[in-house]
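Take 1 as the starting number for the sequence shown in my numbering and just add one per residue.
A portion of the hints provided could be inaccurate.
As the list claims (entries may be wrong) - Straight-line C-alpha distance at most 25 Å; calculated SDA-like pairs for lysine to any residue:
1) Lys226 - Trp288
2) Lys605 - Val686
3) Lys694 - Thr15
If you are wondering where the hints come from, they were derived from the structure by calculation, not from laboratory data.
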Amino acid sequence: MTDTDNLYRMPFTITSPLPDDVGHIPLSPLIDFGALIAEADLPGVLDPNSIEVVNCQSGQAVHSGRSEDFTYGDCGRVEWVVEDPSHRDYEIRFRTVEGRPPLQPQAHVPMVGVGDLLRYNAGEPRPITLSSMTLVDITGDGCNDLAGTWNYYHRPGSPVSGVVFYPRVAPEEGFVFGDMTRLRYVETAESTEHRDFAGTYVEVDFADVNGDGLVDIIFADAHLQKVTFYLNSGRRTPTGIPVFVRDRSVAVPIDRITALRVADMTGNGVLDLVVNDCLVRNTNPDGWPFQSAEPVPLLASQDRPVDEDDLRISPQPAWIDLTGDGRLDAMRLDGCGLDRAVVWYRNSDGDEPRFDAPQPLAGIDLEACSRIAAVSDGDRRGVLIQHGEFRSISFYELVGFDDGQPRFCPWSRAESLSALLMLSDQAWPCLCDWNGDGVNDMLVGGGWGWPRICLNRGSNRRPVWDEALLVEAEGVPIRVQRDDILSSHHWHNMGYPYPALVDWDGDGFKDLMIPNETNRIVWHRNIGSNSSPRFGPRQYLEVDGYPDSPAVRAQTGRLGEDADLPNHPYPTDPRSPFFWRTGAAFGDWNGDGLMDLITHDHTRKAALFVQYQDASGGLRLRRQDYCRLEDGRLIDDSIVGREQHWTESFRAVDWDGNGLLDLVYNTGGTGKIFLLRNVGSREEPVFAAPREFKCYGEPIGYTIHGPNAWPGDWNGDGKPDLVGAMEWGLYPFICHAALEMEQHPGYVLGSVTA
Numbered sequence: 001m002t003d004t005d006n007l008y009r010m011p012f013t014i015t016s017p018l019p020d021d022v023g024h025i026p027l028s029p030l031i032d033f034g035a036l037i038a039e040a041d042l043p044g045v046l047d048p049n050s051i052e053v054v055n056c057q058s059g060q061a062v063h064s065g066r067s068e069d070f071t072y073g074d075c076g077r078v079e080w081v082v083e084d085p086s087h088r089d090y091e092i093r094f095r096t097v098e099g100r101p102p103l104q105p106q107a108h109v110p111m112v113g114v115g116d117l118l119r120y121n122a123g124e125p126r127p128i129t130l131s132s133m134t135l136v137d138i139t140g141d142g143c144n145d146l147a148g149t150w151n152y153y154h155r156p157g158s159p160v161s162g163v164v165f166y167p168r169v170a171p172e173e174g175f176v177f178g179d180m181t182r183l184r185y186v187e188t189a190e191s192t193e194h195r196d197f198a199g200t201y202v203e204v205d206f207a208d209v210n211g212d213g214l215v216d217i218i219f220a221d222a223h224l225q226k227v228t229f230y231l232n233s234g235r236r237t238p239t240g241i242p243v244f245v246r247d248r249s250v251a252v253p254i255d256r257i258t259a260l261r262v263a264d265m266t267g268n269g270v271l272d273l274v275v276n277d278c279l280v281r282n283t284n285p286d287g288w289p290f291q292s293a294e295p296v297p298l299l300a301s302q303d304r305p306v307d308e309d310d311l312r313i314s315p316q317p318a319w320i321d322l323t324g325d326g327r328l329d330a331m332r333l334d335g336c337g338l339d340r341a342v343v344w345y346r347n348s349d350g351d352e353p354r355f356d357a358p359q360p361l362a363g364i365d366l367e368a369c370s371r372i373a374a375v376s377d378g379d380r381r382g383v384l385i386q387h388g389e390f391r392s393i394s395f396y397e398l399v400g401f402d403d404g405q406p407r408f409c410p411w412s413r414a415e416s417l418s419a420l421l422m423l424s425d426q427a428w429p430c431l432c433d434w435n436g437d438g439v440n441d442m443l444v445g446g447g448w449g450w451p452r453i454c455l456n457r458g459s460n461r462r463p464v465w466d467e468a469l470l471v472e473a474e475g476v477p478i479r480v481q482r483d484d485i486l487s488s489h490h491w492h493n494m495g496y497p498y499p500a501l502v503d504w505d506g507d508g509f510k511d512l513m514i515p516n517e518t519n520r521i522v523w524h525r526n527i528g529s530n531s532s533p534r535f536g537p538r539q540y541l542e543v544d545g546y547p548d549s550p551a552v553r554a555q556t557g558r559l560g561e562d563a564d565l566p567n568h569p570y571p572t573d574p575r576s577p578f579f580w581r582t583g584a585a586f587g588d589w590n591g592d593g594l595m596d597l598i599t600h601d602h603t604r605k606a607a608l609f610v611q612y613q614d615a616s617g618g619l620r621l622r623r624q625d626y627c628r629l630e631d632g633r634l635i636d637d638s639i640v641g642r643e644q645h646w647t648e649s650f651r652a653v654d655w656d657g658n659g660l661l662d663l664v665y666n667t668g669g670t671g672k673i674f675l676l677r678n679v680g681s682r683e684e685p686v687f688a689a690p691r692e693f694k695c696y697g698e699p700i701g702y703t704i705h706g707p708n709a710w711p712g713d714w715n716g717d718g719k720p721d722l723v724g725a726m727e728w729g730l731y732p733f734i735c736h737a738a739l740e741m742e743q744h745p746g747y748v749l750g751s752v753t754a
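Given only the sequences and the hints, what does the whole structure look like? Please build it.
If you want it as C-alpha cells, here you go:
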C-alpha cells in the first residue's frame, strides 16, 4: 500500500444561503472519516495529517485546521473559512495508510472564528506550557513526552482542566513537541467509555506503581484529600494513547493538594508519595498495592530554634539526587509571588529523610519562576523550570557537583511548531496598531501586573505573532499591583490590568491606559511616537469632585482589607469615581473629538466620564451621568441577570458600521458577553437592551474569570470580531459571521471516490 494509491476525494457542498455582509464565514463540519472509510470499503486507516480542503471554484487548496478530536479517533472537525459567499463547493481530500501515524503539528493553522484558539503561526517553534509538568514516555516510541496537568479552561467546548501531554516530535532537533493531548481513563478494564480527569485544580505524576513495566497515573484533585491510582492496562487506543484503568484511592488528609510526586524517599526500593511537602510512606514492602501511612512533613534543620512552618520544604518541591550519594535531595523556589530564586536542601539521612538548611543555587537564571520539577531525559538529568509568568518551560541539565554545590546548565526550552498563544494569568487582550505599520498587534494585561505587547509580523488577514515583550516606562517594565497603588497588604497583591492604547490627551499620540484590580485607573503618556511609542511616568485619572492622593488611596487600601465589609475585597468606596477590577470602554462618547470612557462607577453602575477643556485650555475629566437603556433602565448587573460582581469590562466598538459607538459588556462568573447597540446619537448615547453574543446560536461561556473580549477586526475582513481570554491566557477567536448568523451553514457530503 502506498500513499499515492490511496488518495480519496469527497465533495462538500454548502446548502444554505450565505450572507454577503458579515465578512468571512467559518465552517466547522464534524466528519466521521472512520465511518466513511468503512462505508466505502477503503483499505487501511485514516492518515489525519493528509486531510486537505480544496475550493472547487478556484481549484486552490484552502488553509484548514483540525480539531483535537483527531487525536483520539477518526471523527473530528475540519475547519476553514469561506471568504467569497458565492463559493459553495469544496472537496475534502484524505489518504489511508496501513497504520495510524501520529498526528503532526501544523506549521500554519488558520484563524477560523468558531472559538478556535490563536496560535503564533510563526513558521518556527514557539513556547508551550502546562500547569504542572514532567517528562515521561506516553506514546511508547522511546522518547519522553512533556506531560502534566492543564488547570482551568482550554478551547471552548473542551473539558475543564485534566491530565495532558505534548508528544515529542523530532527528538534529534531538541525539545520540540506536538499539540496538547488529553489522557483519559476507563472505570473498569472491560469498559470502552473513556472519561476525562475531573477537577479545576489538579495534580498528577507518572510512575510504574505495580511493577509491570508500564507507566501508571497517580492523580489528585486539590480539594478531595485523596490520591487515586490509574493503572496502565497495556492496551492502547487506535491512535496510540494508553488506556488507563481506575484502581484504588488512598486518603491524604491535606486541605489543599498543590504538588504530587512519586519517589522512593527512603531508599528501600518502594515508591512513596510526596504530597505538597509531606511524605506519605508506602508501608507495603512489596510496593503494591499502595498502603499509606499518615502524612509527615519533610523538614529542614536549622542552627537555631524556629517555628516548624519555617522548616517546611514548601511549596511544590522537586526531589533529585544532586550530590551523587544516591539520596534524593530537595529543590524549591524560595520567595513570594513570582520573585523567587532556586534553593536546594541536602538530604543528610536517606533512611529517614532529613534535610540540611536551604542553600542558594547558582546557574539557574530565569525571571518570574513559578514551578520546578526533577526529570530525566535519556542520559540527561536535571529540572524543568516554569518561568516567564507561567508562559515557558525550560530544561536545566545537572552537569556536576563541585565545591559542595550542584551545577546546572541551560539545555532547551519546550516548544512546538503549532504553539498556542499562552500569555499567562488573565492576560486580557487589546487589538491595536502598536508601531504604526498598519498591521494590528495585540496588547495584553496579565494578573501579575505586567502589560505586554505581541507584535504581528504578518498581516491582518494572516497574523504571525512575536513572543510577548514587556512594556516599559522610563526604561523600567510597567507593573500595576494592588498594594503598590493602594499602600495596602492584600493576600494576593495582583494587578489584573485591562490595557488599552488610545490618544487620551489629544496630542495625536496613543497613550497607555490601564484600568486594573483597584478602583483607580492609571495611565502613561506616550512621549515617543505612534511608530515607536515611549511612555512617561505613571499618572492617575482624576475626576472632578473626587480628589485623589497617596493618602486617599491608602484609605481605600485599608477599606479593601476589611473582610467584614460587603463584597470584600471590592467594597463600595465613595472616595473613588470608579469601581474595582473593571475594564473601561474608551472612545469619543459625546462627539466633541475628545476621548471619554464608560465604566462602572463606585455604585456598580455604568457611567459616562467625559473630558472637557477648562478655562485655561487644559483637559479635565468629569462624571457626566449614568448610562441608560432606551427603556430608561440603568446598566448594571441586573440587566444581564448577574448575581456576582468581581471582574468585568466594557469595550467600545461600532459593531454594525453605522458610525455610532456601541458597547460590549463582558461579565465574569458566567463568561457571557453582551452587545448594547447605541440607538441614540454620537452626542448622546442611549443603548438597546443587551443582546447576548452567541457562536452560531450556541451560548458563549468559556471562562469564569473573563472573558473581557476585545471587539475589533481580528481577521482583516473589515468586520468586528471578538477575541477574549481564558484564565491562563489562551485566546478563543469568534468571528463576526458566527456571532451574527443564527446557525452553522448547512452542508451535504458526497460519496467518497478515488
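request  = Verify the proposed pairing of Lys226 with Trp288, using a straight-line Cα cut of 25 Å.
outcome  = 17 Å, holds
message = Can you confirm whether the C-alpha distance between Lys605 and Val686 stays at or below 25 Å?
response = 15 Å, holds
request  = Quickly compare the C-alpha distance for Lys694 and Thr15 to 25 Å and report which way the hint goes.
outcome  = 22 Å, holds
Comparing the model with each earlier hint shows no violations; every hint is respected.
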